[in-house]
Each structure stands twice: as structure tokens, then as C-alpha cells.
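Engineer: Chain order of the listed sequences is W and U.
Take the position in the first sequence, starting the count at 1, then add 1; the result is the number in the numbering used here.
Take the position in the second sequence, starting the count at 1, then add 631; the result is the number in the numbering used here.
In short, the hints are calculated from the structure, not lab data.
Hints may be right or wrong, so weigh each one.
Claimed, not checked - List of simulated lysine-lysine pairs, BS3-like, C-alpha gap at most 30 Å:
hint, chain 1, residue 1, chain 2, residue 2
1, U, K1131, U, K1093
2, W, K19, W, K73
3, W, K73, U, K811
4, U, K811, U, K837
5, U, K981, U, K837
6, W, K19, U, K837
Said to hold, decoys possible - With the C-beta cut set under 10 Å, the calculated list includes, among others, these residues of chain W facing chain U:
hint, residue
7, E17
8, E49
9, G63
10, R66
11, N70
12, V80
13, I83
Claimed, not checked - DEER-style ranges, computed between Cβ atoms:
hint, chain 1, residue 1, chain 2, residue 2, range
14, W, I37, U, L738, 27 to 35 Å
15, W, I37, U, V714, 25 to 33 Å
16, W, G157, U, D818, 43 to 51 Å
17, W, L23, U, D767, 22 to 30 Å
18, W, G157, U, P1064, 52 to 60 Å
19, W, D113, U, V810, 52 to 60 Å
20, U, A1120, W, D139, 48 to 56 Å
21, W, L23, U, D1159, 50 to 58 Å
22, U, F1114, W, G164, 52 to 60 Å
Where a beta carbon is used, it is the ideal one built from N, C-alpha and C, also for glycine.
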Amino acid sequence: MTAGPLRRHTFVVYVEDKPGVLNRVASLFRRRAFNIESLTVGHSETPEASRMTIVVRTDAIGARRLEANLYKLVNVVRVQDITVGPAVFRELAMVKVTATAETRTHVMQLVDVFRARVVDVAPDAVVIETTGTEDKIDGFVEVLRPYGILELVRTGRVGMMRGARSVMIDPDPTEPFAPDPREDDGRSDDADEPGEGDDPNISYSV
Amino acid sequence: MAAMRTGAQIIWEALVREGVTTVFGYPGGAILPAYDALLEYPVRHVLVRHEQGATHMADGFARASGQVGVAIATSGPGATNMVTGIATAMLDSSPLLCITGQVGSRLIGSDAFQETDVTGVTLPITKHNYLVSDVDEIAPTIHEALYVARSGRPGPVLIDVTKDAQQATTELDWNPRDVKLPGYRPDLRASDAVYRRAARLINGAKRPVILAGHGVLLAGASAQVRELAERADIPIAMTLLGIGGVPARHPLNMGMMGMHGEAWVNAAIQEADLLLALGMRFDDRVTGNVRTYAPNARKIHVDIDPAEFHKNVRVDVALAGDLSAVLDDLGPLVETGDRRAWRTAIADMKGDVAVRDIQNLPDSGHLYAAHVIHDIWRMTGGRAIVVTDVGQHQMWEAQYYHHDEPRTLITSGGLGTMGFALPAAVGAKLARPDAEVWVVAGDGGFQMTMAELATIAQEKIKINVAVINNGYLGMVRQWQEFFYERRYAATPLLSPDFAKLAECFGLRGETVRTRAEVEPAVERARGDERTVVIDFQVEQEDTVYPMVPAGADLHDMIRRPSPAPIVETARDA
Ligand SMILES: Cc1ncc(C[n+]2csc(CCOP(=O)(O)OP(=O)(O)O)c2C)c(N)n1
Ligand SMILES: [Mg+2]
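Starting from the given sequences, assemble the full structure and let the hints guide the process.
Structural biologist: Below you can see the structure in the form of C-alpha cells.
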């Protein structure tokens, strides 16, 4: 059931580095009808565990249910919802954009303004790398679009809590299921949306 | 130096060391090495007639005993035949270990003969699963799998073992390494503050109801629930799978709630000011429309699985933990209560027995399923283990057989799996050989797995089978009657002569058509050392009353139209 405003929740999930674990996590989202906005996975500070950053649009209760469901996967080691932060979120993008003799200087100026980097130069195109929040990347992509984007790849969000605390070593000691009172302090930059409510047309079977 | 063993031997050695005495299975190429080694180990292997039967048997074994049930099958079709039984165990939190053979590890991914991605297929219907292709991983994996299956919220676990891992040899140093699952949280405990909030709500409630679910049985918390209810004077309603968790005859036990629960039990829930949910999950079959469910009640939800909290119904206090441990800690905080006013109000709702929906059958001279169940209950003293199938007969069993002991009703609640009863009863009987075991099945569901009669004959298993033969897929017919203008599409059912059928398996069969024949037939079945199948030819278009239509408000039940009282003999009282 859903209740309360939908917002973008960012989870840090440590999983045992074993075959098939990514599939288990993805399958859970599908089965419980959660929509993944982005999922990244890679190495972490410990060799036994991979670290995922998963972004899901859901309400406060949904987020805690998701956390509880993730913990039911035997290979999941640690889950932390870092939405209410304070946390740092970043995404990396590479853009291959048309850059002819006439447009090249304009493109290079934009690269400067956005503190991006050119990582490949060809006669008619450049490949630009940029890192930042999704908003910054959205903005960068928009200003490049008129020049002709040939290819675009974005990694999806990665995130980390600010400060000295480690998700693995000293996780947030939350109650095994109590919606987090911090959830609704409005500190997140992810816009709220009205909840969907229950579907009145659910049909049950015999 | 440790002895050399094949992977196949290690499978059995590990199971034996873990205390497994009985497995249910069916051989085939990819599991053949394991079967070859079986002969060397003290394990009773029950050869089933279909791998679905093996999983239901293991499930019945688990539900009757509380131990993990073990099923074994070959790759490909053997494993896929297990899917229904695994899903059944998953939805009812039943601890199962399924071991399947897999093609050789070098063939994996090649679409080799009888290759199926079994860990992929079963991923969403197991608590966890493993693909093992290294002989040294077999023993530790079995140890871990059994631990996962029975700990926390129990569930089915599957191990897919490649054929080469079964054939390889290794030095078995039997020293089960500690299970190391750093993120697995089977033993949560809520903070003291949560306990205090729960206790405050309970102590302040004027119209509380305890909702007792399967968790009461799984946690072995029957005595504690009873003690709490008695001390605080709180009436109890049970889910289908909670039946037996509190004795039916206990004065505070109101009986079953939900879709086919008594109307006054549901009315009590709707009027409650507090629901104390113990090991149940607010399934749609017990809540009806969640928007209008118990609108004035605060809700305390105790469950071992925090993923259940707020899933279907928003609650005020979510208390995670093993129910038995939770009640140890919660009990002392709950004050002695006297809620006579509330009990009186409920007794008024219960009203005159003559207007009740249950135990209120028209006497047309025909045989009714309720008569059959009632008589079996009376003649077995309410002490049999009854294993039901799915359909109308299942609901009548729940209404008319009064269970006083935990683990004496075994039924597929969450998945509603037709074909469950006969094989599950075999498992229950092997888990509790001294118990009297009755199957109550419909003519439809019985035919789904009746081939297991051959298993029963071969294994010389003694159970009794009551086929409630109404000539219809009765529960579906009932929905057609209520919601599809009596258009009986594909529900009339022609069946074989079940009594003769039993005879051809070398068992005994009987047919019963009138109420007067019920008692002697049941008596003969109980006295026979063979399994007896009784074909009870009951009223065809009988209906389970009362009923909350799916998705309707819980208090908005379809009631029995005619209040004509059943004509009962003196003995029935
Ligand atoms: C495997 C399976 N298929 C279909 C259903 C849907 N279903 C639920 S009850 C029922 C009718 C059962 O008929 P029967 O076994 O004769 O029992 P009755 O309701 O007549 O007592 C059916 C088809 C189911 N629960 N399980
Ligand atoms: Mg029938």
C-alpha cells in the first residue's frame, strides 16, 4: 500500500560479491512492483562486498518496506536509505557531440563553464566527460543538444553520506521498521509528488 | 586423515548428520549419482509419483513436525514439477529443503538435455537458493540451507547440485563451518520504547481483539498467546492458518475471521478499538476492503518479518521479532484486565445460535459436507491431524472441525494449491506416525494428485481420505452462482468411482450417500490398517456461508438465506 508523498529515495546497498546477486536484487524490485530509476553497482572498500546505489521513487512507508525486503535477500549485507542525508550524490556522463570547425569553440566554452572535460577529439566530434548532480548533467546535456548529440551515456546516481560515519562499520541504528521521522523534514531536493493511494479496482481471485 | 567421499555421498552424509531421516523424491539422470549413494545411508526415501507430490509431502512433514521437510528431484522436468510445491511452501512460510540435480557444470548454458535454469526459475519462490558445482561446497551449503529454511521466517530453500559435483571426490572433514551470513537478520528485537507503546495501547483498550495467525504455530507461542489473552481478557480471532494455535474450545477463542469466518467474529473486528495481530499478515482474505477495515481500531502488528509491516494495512505499532520472544517481553507489561462489557457485546452479536450461518443446515434428507466434517470431528475426538485441499470443503473443514492442538490443521492458505492434501497428508503421517491423519479433499483437487495413492500403497502408509464429492469445482461454482449469474462454465465435474479407484491401488474404498452411513463408514476406516478412501457424495449445489465477497467490506457478508435449523441427533450437540 502507498501513503504519503512520493519522492526519490536513494539506497546504499552492500551485497556479498557472489554470482547472481544483482539478479536477486533486480528481481525483488520487479516482483514487489518497485520502479528502479537507476541502479549502479561496483567495488566497495571491502573486497567481499559490492556496493550498489539504487534510486527508487516511492513514499516513506514504501522505502522502509523496500529496505526490509532487501534485507530478506540472504546475500544483502547492509542497506541504508541516505535520502534525507546529509549526503553527496554524483553522476558521471559522457557525451559525444558534433564539433565542426565553426562550432568547436562554442562547445569548448560550454565545457569550461560546466567544468567538464574533453576526453577525445576527432575531426568532427568531441567526447566530453562530466560529473555532477543529475540536475547539472541535465542542464549540460540541454545546452549541448543544439550542436548535435551523437551519443550519450550516464552512469546513474552514486551517493555517499557526509561525515565520518561508515555505512558498513556503524550503520544507522534504526528500529526494525519504524518510518523515519526525519523523512518528512523536506530537506531533500527531490520534489514531492502526491501519493497514488490504493487502487479501488483491485480484482481478487478464487 | 579424513575419508574420501563423493559429492553424492556427502549429500546424504550431511543430511543424516543434520538429523534428516526421511526424504521424498524421484530419480533421473542428473541426480543419479546421489541416488546411487542413497543405498548406503539410513534415510527413508519415499518414491513419489510426481515431483509436486514430493514437495507437498515435505511440506506436510514440516507443518506437522516443525522440522525442515526434504524433497529431491532430477534436473529439468523433475525440478520444474516442484515449482507449485515450492511456491505453496513460500506463501505459507513452511521450511523446505529441495535438492535438485543439475547437468554437468561444463554443460550449463548449452541447453543440454534436461537443462533448466532452476535457480533462475525458483528465485522468486524460494527464501534462498544455491547452485553448487564444487564438491567441497556441498556439505557447508546443506548446513547453511537448512539453517536458512528454519530460522527467522521459515521458507523453502533449493540447492541445485551439478552432476559433476556429485561425482567428484574430496576429503570430507566434517566440521560444519559456522554459517556466515553477515546481512541475514533472523532475530530482530524491537526497542523497549516500542514494547512500552504496545503495552500502553493494550492496557488502554476497551474493545481489543487478538488476531492469531500462522506465526503462533511457527513460533510455538500457543501457551503464551493463551496466557496473554486470559490475563488481559481479550477475545481471539484466528486466520485459517492460525487454527489450532488456540484451542477451539477456549472461551476467549471466537474462531475463524475473514472471508468465510462467522459474521459476528468479523463484526467484532470491525467494532474493535484495538487489533493485536500476532504472526499474521492482513491477507486480503481476512481484511476484505482495507479502506473500511477495522476503522476505529489502533493496530499493533507483531511479526518476525518486518517487510510485512504496513504492507496491506497501516499499523500504529510495528513490533518485529520472534513471537515467542516478543510475548516473553511484552507479557509483563500488560495489565490484568476485565473486559466483560466487551465480551458481552460480542456475545450479543453472536446472538441466538439459530440465526447463525455455521451449524445451521437445512435438512433436506441429503448428505451435506458439513455433516461429514462434523461427524469426523466428533468421532476423532477433535484430535486427528486433518489435511485439507482447497475449495468449499476446505472452508467447511475450518468451520466444522474444531481443532484444539497446534499443527493439527494442515492446509494451503496463501497459495490455495489444489492437489495439496493427499501428498501433504503422507508427509504429515511420516512426521507423526502415531497420529490419526485424515485427508479432506474435493473431487476436483483430489484428482490432481491422486496418483500418490500408489505411493501410499507402496510405502504402506495408513491415512484416511474423505473425498467431499459434490460433482463440481464447488468453490468456483459458488463464485459463478454469486457473481456470474449461475453460468457454470467448466465447473461441472465427472469423476471416476473413487471407491473402486482406491481398490485398484490395493487400498480400500467406500461410497457414502446418506447421513446415516457416515458414522459406520468412518468407524470402519479408522479400524482398517490400510488407507481407506471414502467417497462422500454430498449435496451438489451447497454454498459456503457466510461470505465476504472479495474486496467487499468485512462487515458486509452474504448470509445464509434460510435460517432453517439443521435437524441434529442428540449425539451431535
Ligand atoms: C491448482 C489450482 N487450480 C485452480 C484453482 C482455483 N480453484 C479454487 S477452488 C476450486 C474448486 C475446487 O473444487 P473441488 O476440489 O471439487 O473442491 P470443492 O470446492 O468442490 O469443495 C478451484 C478450481 C486452485 N485453487 N488451484
Ligand atoms: Mg467439488
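Engineer: Run every hint past the structure and note whether it holds.
Structural biologist: Here's how the hints hold up against the structure:
About 18 Å separates the Cα atoms of K1131 of chain U and K1093 of chain U, which keeps this hinted pair within 30 Å; it holds. Distance restraint check for K19 of chain W and K73 of chain W: the Cα-Cα separation of roughly 16 Å lies within the 30 Å cut-off, and the hinted pair is therefore satisfied. Restraint check for K73 of chain W and K811 of chain U: the C-alpha separation of about 15 Å stays at or below 30 Å, so the hint holds. A distance of roughly 47 Å separates the Cα atoms of K811 of chain U and K837 of chain U; the hinted pair therefore is violated under the 30 Å criterion.
Of the supplied pair hints, the one linking K981 of chain U and K837 of chain U holds, its CA atoms being roughly 18 Å apart against a limit of 30 Å. For the given pair, K19 of chain W sits about 53 Å from K837 of chain U by alpha-carbon distance, which is inconsistent with the 30 Å threshold. Of the supplied interface hints, the one on E17 of chain W holds, with its beta-carbon coming within about 8 Å of a beta-carbon of chain U, less than 10 Å. Taken as an interface hint, E49 of chain W checks out: its beta carbon lies about 8 Å from the nearest beta carbon of chain U, inside 10 Å.
Satisfaction of the interface hint for G63 of chain W is found here, the shortest Cβ-Cβ separation to chain U being roughly 9 Å, below the 10 Å cut-off. For R66 of chain W, the interface hint holds, since its Cβ comes within 10 Å of a Cβ in chain U; the closest pair sits about 6 Å apart. Contact between N70 of chain W and chain U, as hinted, is supported at the beta carbon level, the nearest pair being about 5 Å apart and thus within 10 Å. Residue-level restraint check for V80 of chain W holds (minimum Cβ-Cβ distance to chain U is 8 Å; threshold 10 Å).
This hint is violated: I83 of chain W has a C-beta 17 Å from the nearest C-beta of chain U, more than the 10 Å allowed. For I37 of chain W paired with L738 of chain U, a C-beta distance near 33 Å keeps the hint of 27 to 35 Å intact. At about 26 Å, the beta-carbon gap between I37 of chain W and V714 of chain U stays in the expected band of 25 to 33 Å. Separated by about 35 Å at the C-beta atoms, G157 of chain W and D818 of chain U break the suggested range of 43 to 51 Å.
Between L23 of chain W and D767 of chain U the beta carbons are some 25 Å apart, a value that agrees with the proposed interval 22 to 30 Å. Hint check: G157 of chain W to P1064 of chain U, Cβ distance near 57 Å, so the stated range 52 to 60 Å holds. Evaluation of the 52 to 60 Å hint for D113 of chain W and V810 of chain U yields a pass: the beta carbon distance comes to about 56 Å. At roughly 54 Å, the beta carbons of A1120 of chain U and D139 of chain W sit within the given window of 48 to 56 Å.
Evaluation of the 50 to 58 Å hint for L23 of chain W and D1159 of chain U yields a pass: the beta carbon distance comes to about 56 Å. At roughly 58 Å, the beta-carbon separation of F1114 of chain U and G164 of chain W lies within the given 52 to 60 Å, and the hint holds.
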